[in-house]
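Visitor: With the hints as your guide, set chains B and C onto chain A.
Chains as they are written, first to last, in the working numbering: chain A, 1 to 322; chain B, 323 to 382; chain C, 383 to 602.
Calculated directly from the structure, the hints in this document are not laboratory data. Just so you know, not all the hints are guaranteed correct.
Restricting the straight-line Cα-Cα distance to at most 20 Å, the calculated cross-link-like pairs of lysine to aspartate or glutamate (EDC-like) are [unchecked claim]:
#	chain 1	residue 1	chain 2	residue 2
1	A	K103	C	D540
2	A	K68	A	D239
3	A	K17	C	D592
Here are the in silico distance ranges between beta carbons for each label pair [claimed, not checked]:
#	chain 1	residue 1	chain 2	residue 2	range
4	C	I409	B	V337	48 to 54 Å
5	A	F304	B	V365	22 to 28 Å
6	A	A167	C	A458	38 to 44 Å
7	A	P296	C	T598	25 to 31 Å
8	A	L289	C	I446	51 to 57 Å
9	A	T196	B	G340	46 to 52 Å
10	C	S407	A	D30	36 to 42 Å
Since the model is a prediction, treat every value here as computed from it, not as a measurement. We put the beta carbon where it would ideally sit given N, CA and C, even for glycine.
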Amino acid sequence: MTTAQGTQSRASTRRDKTPDSHDFPTRSYDLVKEFTIALVVVIVLTGGLAAIFSSPDEKSITMSTWAKEAPNDLIATATSELAGTSTSATYGAPYNTASDGQKIGPLSLQKWGGVRIPVDSAGLVLGPLAGVSGDSTLTSALATWKSATADQQTKWATDYSDALSKAPDGDPAKVATGEYGPVPDISTGLLTLAKTGGLEGILTSSGNFYGGDQTQSLLLLSDGAYLEDQARARNLGGDQWGMMNETGNYPGQPWMWLYTFWYQIPPFSTSDNADAQVWGLMMLLTLLLMFVPFIPGLRSIPRFIPIHRLVWRNYYRRAARR
Amino acid sequence: MSTLSIVTESAGRYVHWGVVLISVTNLLIIAAMVVVFVLALVVPFGSGHEQATDQERREP
Amino acid sequence: MTTRTDSPAPGDTDEAGSWTARLRSRIVGLVPAGQALPDRQPVYLASWIYVFGVLTLSALAVVILSGGILAIGGAAWWHVSSLGLFVNSLHLWSVELFFGFMVIHLWGKFWMAAWRGGRAMTWITGMVLFLASIGTAFTGYLSQANFASQWISAEAKDGINSIGVGAFFNVLNPGQMLLWHVVLLPFGVGALTVIHVILVRRHGVVPPIDAADPSTDKEA
Numbered sequence: 001m002t003t004a005q006g007t008q009s010r011a012s013t014r015r016d017k018t019p020d021s022h023d024f025p026t027r028s029y030d031l032v033k034e035f036t037i038a039l040v041v042v043i044v045l046t047g048g049l050a051a052i053f054s055s056p057d058e059k060s061i062t063m064s065t066w067a068k069e070a071p072n073d074l075i076a077t078a079t080s081e082l083a084g085t086s087t088s089a090t091y092g093a094p095y096n097t098a099s100d101g102q103k104i105g106p107l108s109l110q111k112w113g114g115v116r117i118p119v120d121s122a123g124l125v126l127g128p129l130a131g132v133s134g135d136s137t138l139t140s141a142l143a144t145w146k147s148a149t150a151d152q153q154t155k156w157a158t159d160y161s162d163a164l165s166k167a168p169d170g171d172p173a174k175v176a177t178g179e180y181g182p183v184p185d186i187s188t189g190l191l192t193l194a195k196t197g198g199l200e201g202i203l204t205s206s207g208n209f210y211g212g213d214q215t216q217s218l219l220l221l222s223d224g225a226y227l228e229d230q231a232r233a234r235n236l237g238g239d240q241w242g243m244m245n246e247t248g249n250y251p252g253q254p255w256m257w258l259y260t261f262w263y264q265i266p267p268f269s270t271s272d273n274a275d276a277q278v279w280g281l282m283m284l285l286t287l288l289l290m291f292v293p294f295i296p297g298l299r300s301i302p303r304f305i306p307i308h309r310l311v312w313r314n315y316y317r318r319a320a321r322r
Numbered sequence: 323m324s325t326l327s328i329v330t331e332s333a334g335r336y337v338h339w340g341v342v343l344i345s346v347t348n349l350l351i352i353a354a355m356v357v358v359f360v361l362a363l364v365v366p367f368g369s370g371h372e373q374a375t376d377q378e379r380r381e382p
Numbered sequence: 383m384t385t386r387t388d389s390p391a392p393g394d395t396d397e398a399g400s401w402t403a404r405l406r407s408r409i410v411g412l413v414p415a416g417q418a419l420p421d422r423q424p425v426y427l428a429s430w431i432y433v434f435g436v437l438t439l440s441a442l443a444v445v446i447l448s449g450g451i452l453a454i455g456g457a458a459w460w461h462v463s464s465l466g467l468f469v470n471s472l473h474l475w476s477v478e479l480f481f482g483f484m485v486i487h488l489w490g491k492f493w494m495a496a497w498r499g500g501r502a503m504t505w506i507t508g509m510v511l512f513l514a515s516i517g518t519a520f521t522g523y524l525s526q527a528n529f530a531s532q533w534i535s536a537e538a539k540d541g542i543n544s545i546g547v548g549a550f551f552n553v554l555n556p557g558q559m560l561l562w563h564v565v566l567l568p569f570g571v572g573a574l575t576v577i578h579v580i581l582v583r584r585h586g587v588v589p590p591i592d593a594a595d596p597s598t599d600k601e602a
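In isolation and in its complexed conformation, chain A is listed as follows (with noise of 0.2 Å):
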């Protein structure tokens, strides 16, 4: 246990030569009155940005918004839960065991988490129907869709999909006839449930009243294209430095800055795993930072570029001088 004066030396290399701060000739200073200064000029700067600027608030997606702004999408969404085509059905850890998901180079950290946020996909539509009462179309649907073999379901699901993609602007009303089961009715059905605007809290609250946890909602809604849309059109997405961004003209996160500038450029832009590796460089770089007084080279950087002499200009001067 050091003394309370010899608190410097203990860690210090053989190279480091670092005087003792407290060896120095000092002057009065007083830090009460510089906290003070300081919090009052934080005050005033918040206060007068914050009345000048105020704060975005874009109201969230509605599934019932969802549902009248891009009904189409919100039908294909459903179908491909149905079909287990969907981004949450294929995702893999923590939701389901479709895919091993992401690795760093043979790690495959996203597996090793585990699916410890159980979601089925297909419930994420069926869930939400199975309450609904007074639709004899849909209830014989349902019921058709849930006597049905597994492969069957799948065969339904796909097809329809499939056509869905190929009609014009993904309206099911020109889509190819064909075979496709109760899927259209079934997604037709949740289209209905979702204007309704009870479907977000069927997937949250039912069964438990209080929600607080919208996992399933939030897996519906991305697994569309329209969440998506809406954030490209402002400059939120991914490869348009979105993570560095914020709605309308304010203020972002510039602090994000490296960490979405990885995602620009090859090969994170193009890799399958781009979110894992980017990740471990980050990582990687962060540690270098932390521990830069360890590494030779890096710590020195300072010294070959001398911006310290701005700092210290007068103690350079007076010394000097001696």
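Guide: Just chains B and C now, with coordinates in the frame of chain A:
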């Protein structure tokens, strides 16, 4: 593309230069930080703190 | 009845093994005597770059204060009240100032090689604070209950899931994210800030690069 363009959109003003796409607001913030940093280095500190009349002491 | 009016000096105790005495010694020994709130400072501190630490600290205070007022109204308050929206704006802008000042502080400390003289832990705690602050801001963005939260969570889940952490830290769960934002991370940032400032006071502000050792100088 290598030419710089400032794109005004209903979703906010952005500057697009090659691979860089940055909001005008973020650009101003970063520019302001650099200016403030440089000013902090070059602007003389304090009035009278460095005058000879100020008592310098060494701690015993 | 007599009462002892003099309190025992540190170390001067019957119970040498006393946990209390040992803890007291440790606390008192953290910072050299008189250096916790000194009213003098080394003469080489003569640059405006030195104010950015205290500006960061002040901005943090305003962040916490404005966040506290937001908490009084509850998570949905700022969506339905113009006063609430103003307090939210205070919170946003104090965060922007906080990060701005902190990064300038980091730039200054890097170019001054402020880790010298046994100050590596000061540098490291500062870096961890930077990261913890980013994490705190991140959970804040997720807690807005608006379009931004929807998009940020939808995107961020891919990054966090890709390294296996999403199984435990679910950005799609506002209940979890808000509690991390308001309780766990501010506590971490606060504790780290205290440690960081204690380290600064303990070691003193780093002398200039290549400064001559005054204790070996002859007296003028």
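Visitor: Flag every earlier hint the structure violates by its number, smallest first.
Guide: 2, 8 and 10
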